[in-house]
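Start from the sequences, fold in the hints, and give me the full structure.
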Amino acid sequence: MLEWLPEAIRPNITSELLLESLYETVYMVGWSLLFSGVIGILLGVTLVVTRPGHILENSFVFHTLNPIINVLRSVPFIILLVALIPFTRFLMGSAIGTTAAIVPLVFYAGPYIARLIENSLLEVEPGIIEAADAMGASKAQIIFRFILPEALSSLLLSLTTATIGLVGATAMAGAIGAGGIGDVAITYGYQRFDNGTMLITVLLLIVIVQGLQSLGNISSKRVRRR
Amino acid sequence: MLEWLPEAIRPNITSELLLESLYETVYMVGWSLLFSGVIGILLGVTLVVTRPGHILENSFVFHTLNPIINVLRSVPFIILLVALIPFTRFLMGSAIGTTAAIVPLVFYAGPYIARLIENSLLEVEPGIIEAADAMGASKAQIIFRFILPEALSSLLLSLTTATIGLVGATAMAGAIGAGGIGDVAITYGYQRFDNGTMLITVLLLIVIVQGLQSLGNISSKRVRRR
Amino acid sequence: MIEFKQVTKTFHSGNQTVTALDNVNLHVARGEIYGVIGFSGAGKSTLIRSANLLERPTSGEVLINGVNLATLKSRELQKAKRNIGMIFQHFNLLQSKTVFDNVATPLKLTRTPKADIRKRVTELLSFVGLSDKADNYPEQLSGGQKQRIGIARALATNPEVLLCDEATSALDPDTTSSILHLLKKINIEYNITILMITHEMSVIREICDKVAVMEKGRIIEEGSVLSIFSNPQHPTTEKFVRSIIPTGLPARVKEALQQKEPNRRIYEVTVTGDSSHSDLLRSLIQTFGIEVDILHATMNDIQGTSFGRIYFDLRAEPEILAEASNYLKSHPLQPKEVTGDARVAA
Amino acid sequence: MIEFKQVTKTFHSGNQTVTALDNVNLHVARGEIYGVIGFSGAGKSTLIRSANLLERPTSGEVLINGVNLATLKSRELQKAKRNIGMIFQHFNLLQSKTVFDNVATPLKLTRTPKADIRKRVTELLSFVGLSDKADNYPEQLSGGQKQRIGIARALATNPEVLLCDEATSALDPDTTSSILHLLKKINIEYNITILMITHEMSVIREICDKVAVMEKGRIIEEGSVLSIFSNPQHPTTEKFVRSIIPTGLPARVKEALQQKEPNRRIYEVTVTGDSSHSDLLRSLIQTFGIEVDILHATMNDIQGTSFGRIYFDLRAEPEILAEASNYLKSHPLQPKEVTGDARVAA
Amino acid sequence: DSLDETTDYSPDNPVSVKIGVTGTDTPQWDFIADIAAEEGIEIEIVRFNDYVQPNQALADGEIDANAFQTISYFDHFIEEHDLDLTAIGSTVLAPMGLYSTKYDSVDDIPDGAEITIDKEATNQARNLMLLQEAGLLELEDDFGVTSGVDQIKNNPKNIKLTEIVAGNAPRLMEDVDAALINNGIAVDAGLVPPEDAIALESETATPYINIIAARSEDADNPVLQRIVDIYQSDEVKTFIEEEYAGATIPTYISLDELNSYPR
Ligand SMILES: Nc1ncnc2c1ncn2[C@@H]1O[C@H](COP(=O)(O)OP(=O)(O)OP(=O)(O)O)[C@@H](O)[C@H]1O
Ligand SMILES: Nc1ncnc2c1ncn2[C@@H]1O[C@H](COP(=O)(O)OP(=O)(O)OP(=O)(O)O)[C@@H](O)[C@H]1O
Ligand SMILES: [Mg+2]
Ligand SMILES: [Mg+2]
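Chains as they are written, first to last, in this note's numbering: chain A, 1134 to 1359; chain B, 1134 to 1359; chain C, 35 to 380; chain D, 35 to 380; chain E, 141 to 403.
Think of the hints as simulated: they come from the structure by calculation, not from any bench. Treat the hints with caution; some may be incorrect.
To be verified - Within a straight-line C-alpha distance of at most 27 Å, the following computed DSSO-like cross-link-like pairs (lysine-lysine) qualify:
(1) D:Lys107 to D:Lys39
(2) E:Lys242 to E:Lys297
(3) C:Lys218 to C:Lys113
(4) A:Lys1354 to C:Lys131
(5) A:Lys1272 to C:Lys148
(6) C:Lys250 to C:Lys39
(7) D:Lys250 to C:Lys131
(8) B:Lys1272 to D:Lys131
(9) B:Lys1272 to D:Lys148
(10) C:Lys113 to A:Lys1272
(11) C:Lys153 to C:Lys113
(12) D:Lys219 to C:Lys288
(13) D:Lys142 to D:Lys131
(14) C:Lys250 to D:Lys131
(15) C:Lys219 to C:Lys142
(16) D:Lys131 to D:Lys153
(17) D:Lys219 to D:Lys142
(18) C:Lys142 to A:Lys1272
(19) C:Lys219 to D:Lys288
(20) D:Lys218 to D:Lys153
(21) D:Lys113 to D:Lys219
(22) D:Lys113 to D:Lys218
(23) D:Lys219 to C:Lys273
(24) D:Lys113 to B:Lys1272
(25) C:Lys131 to A:Lys1272
(26) D:Lys250 to D:Lys273
(27) D:Lys113 to D:Lys131
(28) A:Lys1272 to C:Lys107
(29) C:Lys288 to C:Lys370
(30) C:Lys218 to D:Lys288
Right, here's the structure in full:
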């Protein structure tokens, strides 16, 4: 498949490995985005609505959650990976491989997404929340029917940024045998001084990231109303 | 200094090393935040104001910058580090060490900050820009006297998120001999199975991140006017 | 229905303290349309916002239907609020939803069937004259159109109580009048209670039963619209009344006075209720032989009766005028001679 | 000074096209206060926003001082805009800046010395009555207070042209009147040109020299305020004029008509300018011996003259009334008998 | 976990085995897997990017064997973590070398010179021992396989040691006076170890011979034994020599010999 490339940049890896690693990346990013997105949005919403003066003001929850997120964001990814091994094994049956990597990736991206979401949600006009409150909306309705839709455009951009961050993080998940393009780039390209592999994997990553960003930009723009 | 700790968690490293690595982290994060902050804000502002329909609409600039940022965000940090070696050497005289690490860190964080800033700036009420325009503000004035101050609260949270991201990235900058707490945590704590070192370094990281986040939250809240 | 009991609300900003509500007592009876008027910054919005707890009073309490909302549990509070529609001064529309969905929002909250929602929203949009904007987003609307969406949204659930904060401030007189008529209509048909903030005396005149005047956080005067208009006590109230019943001398009267003709006098008669001028006119014209002209007259139609002033221009020989002046002094309508010095233009 | 030449502006949203301005031609002369009135959604904001290119017209051109802004280079355009103050319908204040800094913003843009800024802003704030709010942030202000900050900001640089989009819509009559007086004053003192959007006819009456009426993106009528008020041509214009000179039957007149007494007739006299009623009164009372009462009267004072209506209540034997009716038919004031069927309440 | 029940296998009734490797060792394992597959052993290669996880995963039963480490690292690791693992065969040796773009011999290295060493613990220990061998440093007596810079007794030339990631050493050579580089990496980076190195680990450095490790209970498992045999076959030896161009030297010694290095 790649034989037609000039020698200097012809990768030393098989196209099967490349395709497989592409699949692994998509698989890891997809699943961990799903979970960390849900968790991150939940945490982000909680961080916003429990803060002083907000609709579900709860000093205890806010002041517990806030540092927990900070702690998770403090730990270097590799150490997080290790610290989570027992939990990963309990959850996934195994602590190695592509599937197992989803757990630490979720722990990595969840709190990160929470922070981005928090920032987006704080920009919602307080008047909107007042209107919701005055209509007798329940707290859940205020969140799901007012705050989230109003912040949607910014949320989509935040999720885009987070997704691209996840793509980057999968490269590190190679430590537990997760594979993925980033890992191939590092182990075959970088460590083996194989410029061809480096080039093609980085190109693939660029295509992925470019695609994700375009998708994010377009969908965010489509729902932006100002 | 650390001899009073119970043996199980007494780190095998000297307190000098710890202090030095703390200094290295602060040094790297400080400088790279300064540069990547400036660059990120410039790029973020450019991404916003050159987009279709905005005050400095410029399809060429926007459609050039956008993918360049994506490219930089695509490359795994370790590969970015390597790819930048010649440039770093040219700029810093050497591609090794704490100072040299600032270059790849800036390349890593700059585009990332740009994306966060972009999202924050897009949330500024268009009416504000109209008011500025109607007053005869120059483009630079519109940006610096209207858009940036109005987005300040969100910008501060974005910069906080980015700074914490930078703290995480410094752990990886150990690859070129940059040192720092994250690196000590990985090489002394994780690789040498020294739980004491792991604990104390991670605790230090937590304190740093917690401090940064609190600072960000407080300053953002102070300037938030809604 | 709505009762404010010694409600005080202070805001702190820096080292400044603003007392937006200062020991306010107010009672709005069921089915009443109660207007609150006052200068900008008087505390009107704060008052109405504390009715549904958007602002928690610093002290005092607000009862709706005899219930202090502040004592309710979350769910009960929501239920209570669903019975209170609110029109916001700054509209507070959802930017992310179409006009249709904005109006439908309160209905969706109560899980109204889709078909019912469609019917009700269509009806409301057609009433506020925005059927063709159903699929537009708020940012594509003019100021008045946004306000009308806010009105439609507040009415969507047929609430028992309606809180209107400057509901017609951005609307032209024609639209205002049709909105006010609608409010009056639902007030009569459904016995809905309306608390209405406004800075326009004409709104009060048009539909309110009672009115309170606020100044600096205090209610300085209140009563039936009729009594306030006919007999304002407080200077501020008078200013508002004057805004639709001018009390300054009309230009034509001033002009006439400037000519200072000896055989001409100008009299002002204040009209209250059903006063009759026929005997006055007859006496002046027939008995005294005076030439009587109506120089200026402004009367307001307030709930079926007329209030206002008439300026009569009397011309005759000075001695006849002097004679008539004695007659006029004892006349029950108490005509006052206008000399130009006594009153200052507003 | 401001000239709109065949300006058309269309908005597209989805498959809908809205023509907000439809071939508008308008000329505002230097030093003029030009009012634009129209129903909500008529295109007023779009018109004023195209004057300083906040909306680029789809076709046609706008000249300010003979210059088409659209042809200017960036720097020249900025300079031109600094001479045009604008008050926005939705205020558009900077949330992140204090009241003081908001008003100071346009001065800072031109690098005005600090001391001058302080002096000018203090002066403006005291004028709009918000000196005590200098250090507050917009979100701590009431609706009317925000609007006043917007006004102060627009005036800060003493612009040559002022564009006001509903500058007083959130203000009470007293504040409105003081703002309007200020505008009139700067208009006279500095010969500043003002284009003023409003939905309140009273604003037009108070300070405008000329007025244009918009409907559905078109200017349907324009002229001096006097001519428009005294002689509105288009039904929409009439509606606006009627908003301050009610043309419907007053309640008291309607009530009188309902009693259908045979020896009572009601006549309506339209007052335009300096019409005199003295001979009418004398004839009716003295010649016919009719009992004449003034049932209702509303006159408006427009630029020194009175316009309005008087309702006379005539009581006498039917045959005398019949006789008088012939006399009245030929009277130059053209009194019209009101029967209750002919007119419908507005 | 155990492979016990799967002693019987044939091409028609294949047995599957998971082998953990790190980074770049896959070519020979792909080659071995092909050979083994014909006999009914399906090798699944699990690639790690880290030196801790493969042993952990082996002990936890997530893989059946691993092949990525030197015997000394392995011994140290199982002692530290109290794991019941055993070395079941030797594989290759990739000697370490000291390279410099500035100096032709170790003696030329000046006072205060900067030398890069691997930040990864076992390799770092090897680096330091090579520097001791070259006479640049003196290490503590109890210097072990994961000892680091803190165990340096004497640094007469005041050499500045900079820890970096191994793969960067060739790339950063010109920024320092000398760099310690793994053979594998050196060859990949286009260096010729015997010619370019100014100091080289002796080829018989037993502690640094790589091994295949398994859980002790599986030490005698015929499947694993067969895999060791395949690895140590001439066919594979030739393959490795060609593939790695001398950077990685197939080194097949007995287990006794393997375990007899000086500790
Ligand atoms: N961005 C837009 N997209 C689509 N339609 C628009 C947009 N802006 C304005 N319109 C439409 O153009 C018409 C004129 O709007 P404009 O704001 O000029 O009205 P207006 O006369 O100022 O009304 P008001 O008195 O209510 O402020 C309205 O029907 C409005 O819905
Ligand atoms: N959040 C706040 N912080 C500080 N002061 C406030 C705040 N909200 C309102 N105020 C002040 O309280 C006073 C009353 O405000 P309110 O909005 O009730 O006035 P209002 O009568 O509705 O005026 P308007 O007619 O201009 O809308 C004002 O002086 C205002 O500046
Ligand atoms: Mg208000
Ligand atoms: Mg408008």
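(Q) Against the 27 Å threshold, does the CA-CA distance of lysine 219 of chain C and lysine 142 of chain C hold or violate the hint? (A) Cα-Cα ~25 Å, so holds.
Q: Mind checking the alpha carbons of lysine 142 of chain D and lysine 131 of chain D for me, to see if they're no more than 27 Å apart?
A: holds (13 Å)
Q: Verify the proposed pairing of lysine 1272 of chain B with lysine 131 of chain D, using a straight-line Cα cut of 27 Å.
A: holds (19 Å)
Q) When you check the alpha-carbon spacing of lysine 250 of chain D and lysine 273 of chain D, does it fall within 27 Å? A) holds (15 Å)
Q: Please work out if lysine 113 of chain D and lysine 1272 of chain B have their alpha carbons no farther apart than 27 Å.
A: holds (13 Å)
Q.
Would the hint linking lysine 219 of chain D and lysine 288 of chain C be met if the CA-CA limit is 27 Å?
A. Holds - the C-alpha atoms of lysine 288 of chain C and lysine 219 of chain D are around 22 Å apart, at most 27 Å.
Q | 27 Å Cα cutoff - pair lysine 113 of chain D, lysine 219 of chain D | A | Judged against 27 Å, a Cα distance of about 25 Å means the pair holds.
Q. Given the hint that lysine 242 of chain E pairs with lysine 297 of chain E, does the C-alpha gap stay at or below 27 Å?
A. OK: lysine 242 of chain E and lysine 297 of chain E at ~17 Å, within 27 Å.
Q) For the pair supplied as a hint, lysine 142 of chain C and lysine 1272 of chain A, is the alpha-carbon distance within the 27 Å limit? A) holds (15 Å)
**Q.** 27 Å Cα cutoff - pair lysine 250 of chain C, lysine 131 of chain D
**A.** This hinted pair holds, its Cα atoms lying about 25 Å apart.
Q. Is it true that the CA of lysine 113 of chain D sits at most 27 Å from the CA of lysine 218 of chain D?
A. Between lysine 113 of chain D and lysine 218 of chain D the Cα gap is close to 25 Å, so the pair holds against 27 Å.
**Q.** Straight-line alpha-carbon gap lysine 219 of chain D to lysine 142 of chain D, limit 27 Å
**A.** Holds - the C-alpha atoms of lysine 142 of chain D and lysine 219 of chain D are around 25 Å apart, at most 27 Å.
No hint from the list above goes unmet by this structure.
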